[in-house]
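Based on the sequences and whatever the hints tell you, model everything.
Protein chains: 2
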Amino acid sequence: MAKKKKEAPITGITVSKDEDFSAWYTEIIEKAELADIRYNVKGFVCYRPWATISIRKMYRKYEELLEKNGHLPLTMPSLIPESNLMLEAAHVEGFAPEVFWVTEAGSSGPLSEKLALRPTSETALYPMYSIWIRSYKDLPFKRYQSCQVWRYEGKMTRPFFRGREFHWIEAHDVFATEEDAMVQVHEDMKMTYQMLQDEFCIPIIFFERPQWDKFAGAINTYAADALMGSGKVLQLPSTHLLGQNFSKPFNVKFVDKDGNEKYGYQTCYGPAISRIYGAMIAYLGDDKGLILPFDLAPIQIVIVPILIKGKEKIVLEKCKEVYERIRDKYIVKLDNSDDSPGSKFYYWEMKGVPFRIEIGPKDVANNQVVIVKRHDGQKFNIKNKEIESFIENMAENYTKEIKEKKMLDFESQIELCYEKDSAMEAIENGKIVCCGFCSIDNKGIRCAEVVEKEIGAFVRGKRVDEEKHEFASCIICGEPASCTVYLAKSY
Amino acid sequence: MAKKKKEAPITGITVSKDEDFSAWYTEIIEKAELADIRYNVKGFVCYRPWATISIRKMYRKYEELLEKNGHLPLTMPSLIPESNLMLEAAHVEGFAPEVFWVTEAGSSGPLSEKLALRPTSETALYPMYSIWIRSYKDLPFKRYQSCQVWRYEGKMTRPFFRGREFHWIEAHDVFATEEDAMVQVHEDMKMTYQMLQDEFCIPIIFFERPQWDKFAGAINTYAADALMGSGKVLQLPSTHLLGQNFSKPFNVKFVDKDGNEKYGYQTCYGPAISRIYGAMIAYLGDDKGLILPFDLAPIQIVIVPILIKGKEKIVLEKCKEVYERIRDKYIVKLDNSDDSPGSKFYYWEMKGVPFRIEIGPKDVANNQVVIVKRHDGQKFNIKNKEIESFIENMAENYTKEIKEKKMLDFESQIELCYEKDSAMEAIENGKIVCCGFCSIDNKGIRCAEVVEKEIGAFVRGKRVDEEKHEFASCIICGEPASCTVYLAKSY
Chain D
1 MAKKKKEAPI TGITVSKDED FSAWYTEIIE KAELADIRYN VKGFVCYRPW
51 ATISIRKMYR KYEELLEKNG HLPLTMPSLI PESNLMLEAA HVEGFAPEVF
101 WVTEAGSSGP LSEKLALRPT SETALYPMYS IWIRSYKDLP FKRYQSCQVW
151 RYEGKMTRPF FRGREFHWIE AHDVFATEED AMVQVHEDMK MTYQMLQDEF
201 CIPIIFFERP QWDKFAGAIN TYAADALMGS GKVLQLPSTH LLGQNFSKPF
251 NVKFVDKDGN EKYGYQTCYG PAISRIYGAM IAYLGDDKGL ILPFDLAPIQ
301 IVIVPILIKG KEKIVLEKCK EVYERIRDKY IVKLDNSDDS PGSKFYYWEM
351 KGVPFRIEIG PKDVANNQVV IVKRHDGQKF NIKNKEIESF IENMAENYTK
401 EIKEKKMLDF ESQIELCYEK DSAMEAIENG KIVCCGFCSI DNKGIRCAEV
451 VEKEIGAFVR GKRVDEEKHE FASCIICGEP ASCTVYLAKS Y
Chain X
1 MAKKKKEAPI TGITVSKDED FSAWYTEIIE KAELADIRYN VKGFVCYRPW
51 ATISIRKMYR KYEELLEKNG HLPLTMPSLI PESNLMLEAA HVEGFAPEVF
101 WVTEAGSSGP LSEKLALRPT SETALYPMYS IWIRSYKDLP FKRYQSCQVW
151 RYEGKMTRPF FRGREFHWIE AHDVFATEED AMVQVHEDMK MTYQMLQDEF
201 CIPIIFFERP QWDKFAGAIN TYAADALMGS GKVLQLPSTH LLGQNFSKPF
251 NVKFVDKDGN EKYGYQTCYG PAISRIYGAM IAYLGDDKGL ILPFDLAPIQ
301 IVIVPILIKG KEKIVLEKCK EVYERIRDKY IVKLDNSDDS PGSKFYYWEM
351 KGVPFRIEIG PKDVANNQVV IVKRHDGQKF NIKNKEIESF IENMAENYTK
401 EIKEKKMLDF ESQIELCYEK DSAMEAIENG KIVCCGFCSI DNKGIRCAEV
451 VEKEIGAFVR GKRVDEEKHE FASCIICGEP ASCTVYLAKS Y
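Chain order of the listed sequences is D and X.
Taking my numbering, the leading residue of the first sequence gets 1, the next gets one more, and so forth.
Taking my numbering, the leading residue of the second sequence gets 1, the next gets one more, and so forth.
To be clear, the hints were calculated from the coordinates, so they are not data collected in a lab.
Mixed in with the good hints, there may be bad ones.
To be clear about the criterion: a stretch of chain D counts as covered by chain X if any three or more of its residues have a C-beta under 8 Å from a C-beta of chain X, and this derived list gives those stretches [claimed, not checked]:
#, segment
1, 40-51
2, 70-77
3, 104-113
Everything numeric in this text was worked out from a predicted model, so none of it was measured.
All C-beta atoms in this analysis are idealised placements derived from N, C-alpha and C, irrespective of residue type, glycine included.
If you want it as structure tokens, here you go:
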């Protein structure tokens, strides 16, 4: 092992993730060549090939699941007239401060109407929905698009986590009844668990957000918070019950079985794929670099020849033979560059390639290869004839293994608190606080401001799944508690 | 057949393509639900699911081929600072009249620098290339992105063909020598033939464009013109030899083997997928509606039960059995809606579904099904046990059959002309004119203007493949001809 260390390339990760997460994240983004922050517009970054390929794979998984659940894809213009945006009052109030405006075109000077770069597409889509939907037979009407959105974020930006242009999916569904719409909200949450937990290995929990933190224009917002350990959470996909808040101003009506015209009930769901990618990189990675679920790795297996003078030919021949045997089924790279084997080990570990196959003269002599698993470093000597079956088995289990290792038990993250002081201490100790709260309706907003200012945390809302803890009074004002909420810092 | 006609839904195509192409195209766009032109920003349309799915399939085929040829995908911001755009003089001159400008953000008022919605990404990418490319070992450097671009088109817009936002792929490559760059130009042209002719069944021919019609900032542009029959052509993918025109202002340099810093030689290639989709719809479709290559159809096979009272159960059972047998391999829809079989036939023909399987009580009794091929209407009675093998064979050949039927022999489209009058007549008769021309350098521009004004056609340039025809003098000015060019009307 000493030998390998000596060969470590200067490009390796130099910061410990536990000691300085921010510096670690910045370094991995740069050295694993995921994004480049040197693009000269603030808040906008380039996604490099290694990230682009994984993000594309994430999109395809998500799109497949959405379509399996009855959604059809469409493609909307990315410019929205100001007058569309104005139609739903709460929506425009929420988004106006974040809109990039197109005001001029070519040499013809100012446009007659300002056009928004879509911050989200409700106000582009729903005027079309009012044309496309005619009858109860058209319902449920489930559509989605994969696209980018632009938001003039005031906060500090960080590649993938938070930027002024990000890549997401937005699904917009219309139903005949509010009950049907709520069924969709639950389907959206189920899809989120399937994707984020099972495929991307990110532990999440869903909260019904307080009224002051809901999507602009929604009745209720149900948002997944990723549990990043250490008490901090990160908001990931959220699904919104819009009710008739948009269908009325946008005139999304249908003729029901009884012959009467009715307004539809709507939901929308917005998994931000580029942000989920950032969360995955951040949460799964270690001090050697990236760890990626097997299906998402741009390269799944790297073959590294260990060349000893005079034996190059037999080793390279065997490498090529193994490559040919597995290349149809997996994405395989045979790395026969001039770098030392140690440098290659470090480099491909940093890039998160799930399996490394090492082949040296001894392996040739012993009719075997060495296979190393990235996420736990386990090493295996595998006989020639067992290579395919071993890899197949390991590939099947790799993502599950990561998931099992990285899933967090939500209960173990929380601390029940009854007073502000103990809540402050729990937050400082990297816990999520579980406590009583007067109300997540708008009348609770004053207590939420105290939580923010004095405890340094946010009210994430009521958990959507079963709540076991009950409290008599609000942790801030002492009034009778109407619900149990969770307080946490967030990214 | 009379029966079917009686059942024809009022949604069928009512205009003959030969008689009025424009009206036919408008109707098919609407009735096959490909796009909706009622979005309230001029030149911007919604792509509906049926188009979005095929376009996605076209993207995947193109991306796979680009990656097979050594390109890696990346994702660039869609906003470009004005100062980037200004760096290459000819480029900014060409694109400035078409740029949409973002000038304001949120409530913070005017931005300190105007941002262009990318009309193309040279000026976004190449500053990054100047950071990423260091040494000859980084070359060739081949990247692409799949994205949309925005251009403030003055001309009439038409869904997919020409719009102010369109979806394309742009590949940007850097080489050590001009020879290497020219090899890439030829690879780009080869890819274009592979995709457009072999996969999308659109006949094309490549022209070296005249200097006055080249890409803004390029040394030379090589553009595919689709032969639409009737003498009109449509510009499809073009590849551009940029030489060092961009590498110098953008400082794209590499340290060569000899230790010296040199400027790279660049190419760029931009297949506009949404436009190619429009060309495909337009070129392949007939008076019944869409015709789609097998791989691009959102639904490949539709099963239509022919229900007769009392026999519904056995027919539906057989439909389901056939569905289960083929659904893993193909995208199959079993249409058991309430519409009449005739309406279903018309509807799915209009949508371009390649194969229709009809199953009625007689077919159940005879242990067979009826299979109808969309592109030529051929009808087959197929025994139960032969269904899979018959479909497999037919699926393999379907796209090839369309291609063979639709390929145009370029020679048969052209007419050799020696005088302006005969050229005018040839153009009027729907021919492409082949003639002598003084020069496709800038000094030929006056004659090109005459071609445009008096003949009503455009100089498409010199053909890239072998030129067999030679002319002594320019068809306009009578000076000695330096080359053979082609004149045509264009969409």
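Violations among the numbered hints, reported as their numbers in ascending order
none
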